[in-house]
Amino acid sequence: MRFQSTFGGRHELGQNFLRSPSTIDRFIAVVRDTEGSILEVGAGDGAITRKLSLLNRDITAIDVDEQLVKRLQRDIPTVRVERADALRFSLDFPVIVGNIPFNLTTPILRRLLKSSTWNYAVLLTQWEVARKRAGVGGCTMMTAQAAPWYVFELRGRVPARHFAPQPSVDGGILHIARREKPLVSSAERRNYESFVRAAFTGRGRTLPQILGRASGAPSNQASRVLSELSLGDVRLPRDLRADTWAVLWSRLTQRRQPHDQEGARRDFRQ
Numbered sequence: 212m213r214f215q216s217t218f219g220g221r222h223e224l225g226q227n228f229l230r231s232p233s234t235i236d237r238f239i240a241v242v243r244d245t246e247g248s249i250l251e252v253g254a255g256d257g258a259i260t261r262k263l264s265l266l267n268r269d270i271t272a273i274d275v276d277e278q279l280v281k282r283l284q285r286d287i288p289t290v291r292v293e294r295a296d297a298l299r300f301s302l303d304f305p306v307i308v309g310n311i312p313f314n315l316t317t318p319i320l321r322r323l324l325k326s327s328t329w330n331y332a333v334l335l336t337q338w339e340v341a342r343k344r345a346g347v348g349g350c351t352m353m354t355a356q357a358a359p360w361y362v363f364e365l366r367g368r369v370p371a372r373h374f375a376p377q378p379s380v381d382g383g384i385l386h387i388a389r390r391e392k393p394l395v396s397s398a399e400r401r402n403y404e405s406f407v408r409a410a411f412t413g414r415g416r417t418l419p420q421i422l423g424r425a426s427g428a429p430s431n432q433a434s435r436v437l438s439e440l441s442l443g444d445v446r447l448p449r450d451l452r453a454d455t456w457a458v459l460w461s462r463l464t465q466r467r468q469p470h471d472q473e474g475a476r477r478d479f480r481q
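Oh and the sequence shown: position 44 is 255 in this note's numbering, straight run, nothing missing.
Please note that the accuracy of each hint is not assured.
Claimed, not checked - When the alpha-carbon atoms are kept at most 20 Å apart in a straight line, the in silico SDA-like pairs for lysine to any residue are as follows:
(1) Lys392 to Glu364
(2) Lys281 to Thr271
(3) Lys262 to Leu279
(4) Lys262 to Arg299
(5) Lys325 to Lys262
(6) Lys392 to Leu447
(7) Lys392 to Arg291
(8) Lys325 to Ala258
(9) Lys325 to Phe300
(10) Lys392 to Leu324
(11) Lys392 to Trp360
(12) Lys262 to Ile235
(13) Lys262 to Leu298
(14) Lys325 to Arg291
(15) Lys392 to Phe300
(16) Lys325 to Lys281
(17) Lys325 to Glu399
(18) Lys325 to Pro305
(19) Lys392 to Val347
(20) Lys392 to Gly367
(21) Lys325 to Arg435
(22) Lys281 to Ala258
(23) Lys262 to Gln284
(24) Lys325 to Asp296
(25) Lys325 to Gly348
Claimed, not checked - Derived Cβ-Cβ restraints for the label pairs, each shown as a range:
(26) Arg268 to Asn314: 54 to 64 Å
(27) Arg408 to Gln432: 17 to 27 Å
(28) Leu324 to Gly247: 34 to 44 Å
(29) Arg261 to Arg449: 55 to 65 Å
(30) Asp296 to Leu265: 22 to 32 Å
(31) Gln465 to Leu298: 37 to 47 Å
(32) Arg268 to Ser441: 35 to 45 Å
(33) Gln465 to Arg243: 40 to 50 Å
In case anyone wonders, no lab produced these hints; they're calculated from the structure. From the three backbone atoms N, C-alpha and C, an ideal C-beta is built for every residue, glycine too.
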């Protein structure tokens, strides 16, 4: 039986329910490594919710589908289930998890990364989103901008056949942890993000030229900093590790990092 919602059918909502017990177990194993009460967004038919209820934690689950919410309230009384929008509901929970509707991945991620209330997120998203956010195959601008405050890890690939209805792309399990000690002060966040944006979108024939223009530093200074970090042969911004950007920002703009990194000479390239 297919449930309909006042917000549209499940296909219109972009949500694909998990149908693979092994994938659900893999997802729960990642959640188990977190601490604190849990908010599940996009609970859907409760495939993940039922497993979460066995973790002996305070669980809140939300979904926009009224009929599915009523069913979960009846079937899983140990979980607080509410009809709510993930783009509006409070994120004041230590742990945020969910099989994210694919067409809402970007706005949900943006909202999460602007919030200061949670410590861990375990999300099932499109494979390309999870891969890029984790910096696999190259660092993206958005990941570099968020790296001083968050650590992104790719925890597995989920075949499209493990969903119903089956999407056209695979999924990926993305783990996000808030850094206890940010690599850039909150007061400098906007300036830092502007620096990264300028580096990824700016012109230049060499990386020192690109970084120099983005930071306002001479290109020879940028070249020297890259050499000191053993990155003199790196050609493109995407080839730098996400957490390298905080070091470059500090060195090129003469900002003092909140917590000096002893590993400044470790391998910062992809």
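Evaluation of the provided hints:
1. Taken as a hint, the Lys392 and Glu364 pair is honoured in the structure, with Cα atoms around 18 Å apart against an allowance of 20 Å.
2. Distance restraint check for Lys281 and Thr271: the Cα-Cα separation of roughly 14 Å lies within the 20 Å cut-off, and the hinted pair is therefore satisfied.
3. Proximity of Lys262 to Leu279 is assessed by CA-CA distance (about 17 Å); at most 20 Å being required, the pair is judged to hold.
4. With a CA separation close to 25 Å, the supplied pair Lys262 and Arg299 exceeds the 20 Å bound.
5. Proposed proximity of Lys325 and Lys262 is contradicted: the alpha carbons are some 28 Å apart, above 20 Å.
6. Restraint check for Lys392 and Leu447: not satisfied, since their Cα atoms lie roughly 28 Å apart, outside the 20 Å limit.
7. Using a Cα cut-off of 20 Å, the hinted pair Lys392 and Arg291 is violated, with the two alpha carbons roughly 32 Å apart.
8. For a cut-off of 20 Å, the pair hint linking Lys325 to Ala258 is broken: about 28 Å separates their Cα positions.
9. Only pairs whose Cα atoms come within 20 Å are accepted, and Lys325 paired with Phe300 is accepted, the gap being roughly 14 Å.
10. About 16 Å separates the Cα atoms of Lys392 and Leu324, which keeps this hinted pair within 20 Å; it holds.
11. A C-alpha spacing of about 8 Å is found between Lys392 and Trp360, which places the hinted pair at or below 20 Å, so the restraint holds.
12. Among the hinted pairs, Lys262 with Ile235 is consistent with the structure: their alpha-carbon atoms are about 8 Å apart, no more than 20 Å.
13. A distance of roughly 24 Å separates the Cα atoms of Lys262 and Leu298; the hinted pair therefore is violated under the 20 Å criterion.
14. Distance hint between Lys325 and Arg291 is unfulfilled; the C-alpha atoms sit about 25 Å from each other, more than 20 Å.
15. Distance check on the hinted pair: Lys392 and Phe300 sit about 27 Å apart at the alpha-carbon level, beyond 20 Å; violated.
16. Under the criterion of a C-alpha separation no larger than 20 Å, the hint pairing Lys325 with Lys281 is inconsistent with the structure, at around 31 Å.
17. Pair hint Lys325 plus Glu399 holds up; C-alpha atoms about 15 Å apart against a cutoff of 20 Å.
18. At most 20 Å may separate the alpha-carbon atoms for a hinted pair to count; Lys325 and Pro305 meet this at roughly 15 Å.
19. Taken as a hint, the Lys392 and Val347 pair is broken in the structure, with Cα atoms around 24 Å apart against an allowance of 20 Å.
20. For the given pair, Lys392 sits about 27 Å from Gly367 by alpha-carbon distance, which is inconsistent with the 20 Å threshold.
21. Distance check on the hinted pair: Lys325 and Arg435 sit about 34 Å apart at the alpha-carbon level, beyond 20 Å; violated.
22. Proximity of Lys281 to Ala258 is assessed by CA-CA distance (about 15 Å); at most 20 Å being required, the pair is judged to hold.
23. This hinted pair checks out: Lys262 and Gln284 have alpha carbons roughly 15 Å apart, not beyond 20 Å.
24. With a C-alpha separation of about 17 Å, the suggested pair Lys325 and Asp296 falls inside the 20 Å cut-off, and the hint holds.
25. The straight-line distance between the Cα atoms of Lys325 and Gly348 is roughly 25 Å, outside the 20 Å bound, and the hint therefore fails.
26. Judged by the Cβ atoms, the range 54 to 64 Å given for Arg268 and Asn314 is violated: they are separated by roughly 29 Å.
27. For Arg408 and Gln432, the hinted distance range of 17 to 27 Å is satisfied, since their beta carbons lie about 20 Å from each other.
28. Between Leu324 and Gly247 the Cβ separation comes to about 19 Å, which falls outside the hinted range of 34 to 44 Å.
29. For Arg261 and Arg449, the Cβ-Cβ distance of about 40 Å falls outside the hinted range of 55 to 65 Å, so the restraint is violated.
30. Taken as a hint, the range 22 to 32 Å holds for the pair Asp296 and Leu265, whose Cβ atoms sit roughly 27 Å apart.
31. About 39 Å separates the C-beta atoms of Gln465 and Leu298, a value consistent with the hinted range of 37 to 47 Å.
32. Taking the beta carbon of each, Arg268 and Ser441 are about 43 Å apart, inside 35 to 45 Å as hinted.
33. Roughly 43 Å separates the CB atoms of Gln465 and Arg243, a value that falls within the hinted 40 to 50 Å.
The structure is inconsistent with the numbered hints 4, 5, 6, 7, 8, 13, 14, 15, 16, 19, 20, 21, 25, 26, 28 and 29, although it conforms to all the rest.
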